[in-house]
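K.L.:
Chain residues, written in single-letter form:
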Amino acid sequence: MSSRDKILAVVAAAQPDALPLPQVGIQPEKRDVVAQFTAVLTGIGGRVWHAADRAEALQRLQEGYTEREQVIVLPDHQDVVDTSMLDPHLLRDVDLAIITASLAVAENGAIWVTDEALVQRVLPFITQNLAVLVPKAALVATMHDAYAAIGKMDYGFGLFIAGPSKTADIEQSLVLGAHGSRSMTVVLLD
Amino acid sequence: MAVVNGKDHAALADVFNKDKARVGWHDETLWFVRQKRDKAAHGIAEWEQLRQTASDIKDHVLSRLSQYLVEFETRAKENGIIVHWAADAEEHNSIVLGLLQKAGVNRMVKSKSMLTEECHLNEFLAKKGIEVIDTDLGERIVQLAEEAPSHIVLPCIHKKKEEIGALFHKHLGTPAGNADPQFLTEAARQHLREKFLTRRVALTGVNFAIAETGEFVVCTNEGNADMGAHLADVHIACMGIEKIIPKREHLGVFLRLLARSATGQPVTTYNSHFKKPRKGAELHVVLVDNGRSRQLARKDFRNSLKCIRCAACFNTCPVYRRSGGHSYHTAIAGPIGSILAPNLDMRQYADLPFASTLCGSCSNVCPVKIDIHDQLYKWRQVLGKEGYVPKSKELGMKGLAMAVNNATMFSVGGKLGRWVMRNTPFVVNNGMNPWFKQREMPEAPKESFREWYAKNRKEG
Amino acid sequence: MTVGLFVPCYVDQFYPQVAIASLQLLEKQGLTVRFPKKQTCCGQPMANSGFEHLTGGCNKNFLEAFEGFDYIVCPSGSCALHVKHHLKVEGQEALASDIRNRVYELTEFLTDVLQVKNLKARFPYRVGMHQSCHGQRGLKLSQMSELVAAPFSKPESLLRMVQDIEMVQLDRVDECCGFGGSFCVSEEAVSARMGQDRVADHQRNGAQVITGADMSCLMHLEGILRRQGSAVQVKHIAEILNGE
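Chains as they are written, first to last, in UniProt numbering: chain A, 1 to 190; chain B, 1 to 460; chain C, 1 to 244.
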């Protein structure tokens with residue numbers, strides 16, 4: 001008997017009579033999602049900017065970053081470079097990655113992206129700084145709303161990111177920039 | 001009685017308590033985490049409803065676990081994930097070794113996985129000549145110190161920054177005497193970035209596996225799991241069979257609870273949903289039993305398998321805070337570890353259910369409402385009956401039982417009174433008595449209540 | 001209404017004044033209170049040590065001692081909780097169940113059954129309330145700091161009826177003192193440290209007296225206070241509520 005069959009047999013014998021699966025009955029409540037998203041993301045070390053549209057956002061980001069950062073990647077900007085063809089290791093010198101998210105969550109400051117928007121899964125981690133363009137209309141209140149929006153979406157890799165990479169492993173002192181991006185700027189588009 | 005180098009929890013805690021200032025620091029540091037948890041929980045009006053829902057979902061899963069495992073396997077395979085099954089730690093370790101050998105590598109990076117700690121994977125692989133680099137900062141620190149994690153979320157919470165500075169000076173070449181957390185974290189970032197970029201196999205744990213979609217979710221704050229997995233040719237994800245949840249939408253419940261309970265954050269920084277392998281890369285999932293099916297069969301203890309490893313019970317536990325994780329001499333310390341470990345080895349871990357005052361705070365913070373302190377009590381009964389409680393304690397309790405069980409032998413100042421006066425710890429006035437070491441005994445009154453009552457109330 | 005006074009064995013032997021205060025406090029409410037001599041121990045010391053199977057005799061005694069009372073009232077949350085959860089006697093399940101449901105901790109009884117609204121008592125001191133875990137988290141005498149729920153406290157509501165009392169606010173409102181039954185000796189180092197930390201919280205916040213609904217916790221804290229030579233006293237809540 002394979003370990004698979006053995007485990008399944010033992011588990012089947014051990015499990016109690018079936019209990020019902022509860023409905024997730026958390027009622028949605030009205031809230032100012034922009035205000036909450038801004039407060040929460042700022043509270044966990046992120047930044048929130050506002051821009052009228054994508055062009056303005058990109059311009060502001062470029063202004064904000066050109067001094068220090070040399071390498072900027074816009075995976076969804078087709079006229080730059082097709083990063084999906086790259087070996088992910090080649091992204092090691094990226095200073096700023098600018099991605100676009102179609103969903104963000106007010107209660108925890110998280111944005112949702114799939115590998116379609118990332119092109120390379122490692123991009124938002126390996127980049128020194130991360131910027132995310134999010135239309136204001138993409139904001140939802142809670143994670144329940146977020147998963148309702150995601151639904152049965154098919155993806156290879158999906159990801160919630162809430163703020164810059166961080167650790168408090170040394171004496172509970174919060175340090176931003178553990179292994180992933182050192183900063184996260186979300187630009188909310190009107 | 002269970003031991004590490006001849007010492008059980010009480011003896012190890014005694015050693016820990018020799019440094020009073022450090023105990024105070026450890027307690028305050030973890031209490032701070034508990035306070036952050038409280039603040040986060042109190043920010044969610046429906047918190048208790050969320051806990052109940054999470055608990056009910058997990059109860060449901062345990063009652064249909066075999067079906068959900070098959071469903072997960074089917075969906076995962078359709079997604080292109082290669083699924084392995086391991087009955088025990090040994091099989092788990094040999095599966096991982098086989099995958100490393102197949103990839104032709106003798107080194108890998110690993111993010112946090114309490115399961116691999118439980119299976120002693122690192123020691124096993126080291127013996128086979130394989131180098132494992134733990135990439136979670138706290139885990140890397142204890143790895144450099146050649147210690148085990150003392151906490152499942154904050155692995156090096158027992159270490160002071162000066163000790164970490166010295167460790168980094170020795171191993172990573174940082175300047176001597178620099179103990180600034182920001183500086184040390186940056187040094188670890190540079191050190192580990194090189195590992196991420198050069199390792200071809202990455203192992204991660206799993207926080208949740210979704211039966212409906214065959215995907216699994218890994219949560220980190222540092223991004224180390226993703227840095228490893230997305231840069232490697234082979235990603236191995238190891239999970240206990242209890243990590244299954246039915247539907248993707250249930251992540252909404254669990255992700256709202258997990259980080260808030262663990263650290264007080266609204267959510268972990270990275271919540272990665274692995275559904276299909278990256279183009280040109282391999283994705284493996286190892287499903288591990290290692291005693292979980294045995295625990296599932298124990299009616300009184302099965303719901304310990306609902307645990308989502310947030311460690312809220314550690315942070316709130318007044319005993320954990322003042323005894324340190326290593327005093328539990330097991331991979332998962334704290335209150336939850338004390339109800340999981342006896343299932344793995346009753347003799348080795350017979351002391352752990354007694355390393356508690358049964359105060360019940362653990363059960364109240366548990367996001368999936370495991371009745372931890374009730375299970376500690378129930379483990380004590382199992383251990384008492386099976387003969388795993390020290391003989392001296394058993395004799396004392398038999399003596400007490402004899403005194404108080406027989407009402408006819410009992411009278412004013414009689415058997416009970418004499419027994420109590422002779423045997424209760426707080427009246428035995430000698431240097432050998434543990435009560436007296438740091439506490440005075442109560443003063444013996446002129447008369448017992450019984451005697452007073454007989455004199456002052458007619459009927460009785 | 002006839003009340004059976006259930007007195008913890010160590011209170012009987014070491015703290016008779018607590019049992020006397022409990023008796024008088026209940027009598028002042030116009031109740032007939034009896035102390036059945038047959039009672040010995042609730043069995044908790046054995047059970048918490050892993051020997052619940054040795055408590056058969058205790059349980060039988062308890063049943064015989066307290067059969068027929070309208071209420072059974074105990075000045076200890078811990079002992080009351082133990083009986084409510086674990087009292088069982090083979091062949092007498094109906095009676096045991098009936099008795100389990102009649103057991104009340106003292107402040108719970110005063111609040112929920114008698115619905116006491118005022119007390120004739122004066123205690124002109126700064127008092128810190130120690131929330132004993134079994135009473136608080138087991139019997140829900142007070143709201144627990146871990147839960148997202150409305151606050152309340154039965155013992156503190158009663159204390160606030162006492163004239164001239166001043167309640168102090170603690171930094172950790174419901175942390176365990178570390179007594180824990182046999183834990184107090186089997187885990188001496190941790191137990192003592194927990195007690196020292198509790199005492200320090202009360203001292204830091206200016207308590208002159210530490211009170212609570214469980215004498216076992218207070219005995220432990222008293223042992224630490226006296227070893228320190230501290231002027232802070234411990235008093236069971238019954239002594240304060242019964243005071244003139």
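One thing to keep in mind: the hints can contain errors.
What the hints assert, rightly or not - PhoX-like mimics (lysine-lysine), calculated; alpha carbons at most 20 Å apart, straight line: (1) B/LYS170 to B/LYS20; (2) C/LYS120 to B/LYS458; (3) C/LYS60 to C/LYS28; (4) B/LYS385 to B/LYS369; (5) C/LYS117 to C/LYS84; (6) B/LYS385 to A/LYS152; (7) B/LYS398 to B/LYS299; (8) C/LYS117 to B/LYS458; (9) B/LYS446 to C/LYS37; (10) C/LYS117 to C/LYS28; (11) C/LYS84 to B/LYS458; (12) B/LYS276 to B/LYS77; (13) C/LYS28 to B/LYS378; (14) C/LYS88 to B/LYS455; (15) B/LYS437 to B/LYS20; (16) A/LYS30 to A/LYS136; (17) B/LYS385 to C/LYS88; (18) C/LYS88 to B/LYS369; (19) B/LYS20 to B/LYS36; (20) C/LYS120 to C/LYS28; (21) B/LYS247 to A/LYS152; (22) B/LYS299 to B/LYS369; (23) B/LYS128 to B/LYS160; (24) C/LYS140 to C/LYS84; (25) B/LYS437 to B/LYS455; (26) B/LYS18 to B/LYS159; (27) C/LYS60 to B/LYS398; (28) B/LYS369 to B/LYS39; (29) A/LYS152 to B/LYS393; (30) C/LYS38 to C/LYS88; (31) B/LYS7 to B/LYS393; (32) B/LYS7 to B/LYS18; (33) B/LYS378 to B/LYS18; (34) B/LYS455 to C/LYS38; (35) C/LYS120 to B/LYS378; (36) B/LYS159 to B/LYS20; (37) B/LYS398 to C/LYS88; (38) B/LYS247 to B/LYS77.
Don't read these hints as lab results, they were simulated from the structure.
K.L.:
List in ascending order the numbers of the hints, as given earlier, that are violated by the structure.
P.N.:
The structure conflicts with hints 1, 2, 3, 4, 5, 6, 7, 8, 11, 13, 14, 18, 19, 23, 25, 29, 33 and 35, although it agrees with all the remaining ones.
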